[in-house]
Amino acid sequence: MTKVLTDARSIRIKGRSFLAVVLSPDLPFDDWLVRLDDLAARSAGFFLGRPVVLDVADLPIDRTQLKELLGEFAQRNVSIMGIEGARPSILAQGMPPALKGGKPVSDEAVAKEPIIELRNSQSKPVAAEVRPASQSIIIREPVRSGQSVIFPEGDVTVIGSVASGAEIIAGGSVHIYGTLRGRAMAGSVGNASARIFCRKLEAELLAIDGVYKMAEDMPPGLRGQPVQLWLEGDTIMAETLI
Amino acid sequence: MGKVIVVTSGKGGVGKTTSSAALGAALAQRGEKVAVVDFDVGLRNLDLVMGAERRVVYDLVNVIQGEAKLPQALIRDKRLETLFLLPASQTRDKDALTPEGVERVMGELKRYFDWIICDSPAGIERGATLAMRHADMAVVVTNPEVSSVRDSDRIIGLLDAKTLKAERGERMEKHLLLTRYDANRAERGDMLKVDDVLEILSIPLIGIIPESMDVLRASNIGAPVTLADARSTPALAYFDAARRLSGEVLPITIPGEKRGIFGKIFGRKAA
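These protein sequence lines map, in sequence, to chains S and U.
Residue numbering for the first sequence follows the numbering used here, beginning at 1 and increasing consecutively.
Residue numbering for the second sequence follows the numbering used here, beginning at 243 and increasing consecutively.
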């Protein structure tokens, strides 16, 4: 049983990661801004056209202070693309969006310019993340609501169910030895040959290589069945497994 | 050293406080020393359910902030001398709970009591995460309906991530307590069936508490249901759950179903 699940004109939504400079100001802001100006004077144009994320985690500031700080950045032509570590209560309309889940990268990746002290304390060189060579991970327990498994490097295998409200995002294929109730996205970094396999399909959303399919668009005959899904052109195909 | 149990659910109104009081009283009736701790700072209820609301002088926040000693804040139950309540503060909010303060209080309670039952507030924020932080085992209270089940699933994920046990790389023991179960409505399809809930949550079941007027009546007279009417069906189900918490293996019965079903349910353990 093979079914065509999408028409040719689907919208593609993909995840992509970019490198941003993170500024972590400390209090009092006046002193810190003086040092920032000093830095900018020594390295002209460092912030020009660069995506900058503001890290305000652990800073005891309120909304007004954050607004003023953003104003100071605007005056210096530093465009803040996102705010990390902010309590929701200090964010307001018109501010850059809140970001989370940032990972540190090596200093060399950030600046081709001479080494620049971005944090005020002694520089702590961040060890480059060591990626395991393996191209798949195996999760041996159920993936619970609210959890996400993100593995751009390859396949994800789950021995257990994926709950409603959970998500699996894999660079390669997704294998669920249980019920898939949440979301599964295979080939998330551009891999049209990735597939999704599950023992019982109750998914909220499925995606392969950016082509999406909501639960409502799936033929009812597939629900509750063991299913595999793959991509042909821009069309998600599905068939039941024996 | 005492064992710390967190009674949690994510969703509100599913029966955490009722179950905390009932399990606490059931364990205390076996002669064990039990402290029930109300973590719902700002919306305290446990004192009412345990009939101690007029005897609250100091509370958890006072102890955490050093304004009172733990023995001053603990309220001994009038009916059971091994049952104690540590009430929450009604006039503060959850920000008054500090991780260090909670750690100190839990450490002290563990020295004096066999069981410490932490009644978690609803939600997944500070109050709930601090209530589960020091737990040795968790009782996940769930109603047989989809939103409660999904919230419980979320809480199970947090129990495996945000507790001290999880951070030490150990496995948190989790038990499912299905409350407000109505066999007729489950049969008609208005409610999830026991098997469906177990299939989704996949943690072992320690009891099914039937939907019953006895629970409401007990709350209104300010007594845990296991004290108010020890022979009512919900009380019996709580007594069995308390025995399972202490490690006994008992067959689980689904309230309101015919005997024939017992064979299927007997000795079941979810994966």
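In case anyone wonders, no lab produced these hints; they're calculated from the structure.
These figures come from a predicted structure and were not determined experimentally.
Errors might be hidden in some of the hints.
[To be verified] Computed list of lysine-lysine pairs in BS3-like fashion (alpha-carbon distance at most 27 Å, straight line):
no.: 1; chain 1: S; residue 1: LYS100; chain 2: U; residue 2: LYS253
no.: 2; chain 1: S; residue 1: LYS100; chain 2: U; residue 2: LYS404
no.: 3; chain 1: U; residue 1: LYS407; chain 2: U; residue 2: LYS245
no.: 4; chain 1: U; residue 1: LYS253; chain 2: U; residue 2: LYS311
no.: 5; chain 1: U; residue 1: LYS407; chain 2: S; residue 2: LYS100
no.: 6; chain 1: U; residue 1: LYS407; chain 2: U; residue 2: LYS320
no.: 7; chain 1: U; residue 1: LYS320; chain 2: U; residue 2: LYS404
no.: 8; chain 1: U; residue 1: LYS435; chain 2: U; residue 2: LYS407
no.: 9; chain 1: S; residue 1: LYS200; chain 2: U; residue 2: LYS435
no.: 10; chain 1: S; residue 1: LYS100; chain 2: S; residue 2: LYS67
no.: 11; chain 1: U; residue 1: LYS404; chain 2: U; residue 2: LYS253
no.: 12; chain 1: U; residue 1: LYS320; chain 2: U; residue 2: LYS253
Hint check results:
Under the criterion of a C-alpha separation no larger than 27 Å, the hint pairing LYS100 (chain S) with LYS253 (chain U) is consistent with the structure, at around 25 Å. For the suggested pair LYS100 (chain S) and LYS404 (chain U), the alpha carbons sit about 17 Å apart, so the restraint of at most 27 Å is met. Proximity of LYS407 (chain U) to LYS245 (chain U) is assessed by CA-CA distance (about 13 Å); at most 27 Å being required, the pair is judged to hold. A threshold of 27 Å between alpha carbons decides the hint, and for LYS253 (chain U) with LYS311 (chain U) the separation of about 32 Å lies outside it, so the pair is violated.
Using a Cα cut-off of 27 Å, the hinted pair LYS407 (chain U) and LYS100 (chain S) holds, with the two alpha carbons roughly 25 Å apart. At most 27 Å may separate the alpha-carbon atoms for a hinted pair to count; LYS407 (chain U) and LYS320 (chain U) exceed this at roughly 34 Å. Restraint check: the Cα-Cα separation between LYS320 (chain U) and LYS404 (chain U) comes to about 36 Å, which exceeds 27 Å; the hinted pair is violated. Restraint check for LYS435 (chain U) and LYS407 (chain U): not satisfied, since their Cα atoms lie roughly 31 Å apart, outside the 27 Å limit.
For the hint pairing LYS200 (chain S) with LYS435 (chain U), the CA-to-CA distance comes to about 19 Å; that is within 27 Å, so the pair holds. For a cut-off of 27 Å, the pair hint linking LYS100 (chain S) to LYS67 (chain S) stands: about 20 Å separates their Cα positions. At roughly 18 Å between alpha-carbon atoms, LYS404 (chain U) and LYS253 (chain U) fall within 27 Å of each other, so this suggested pair holds. About 31 Å separates the Cα atoms of LYS320 (chain U) and LYS253 (chain U), which puts this hinted pair outside 27 Å; it is violated.
Checked against the numbered hints given earlier, this structure breaks hints 4, 6, 7, 8, 12; the rest are met.
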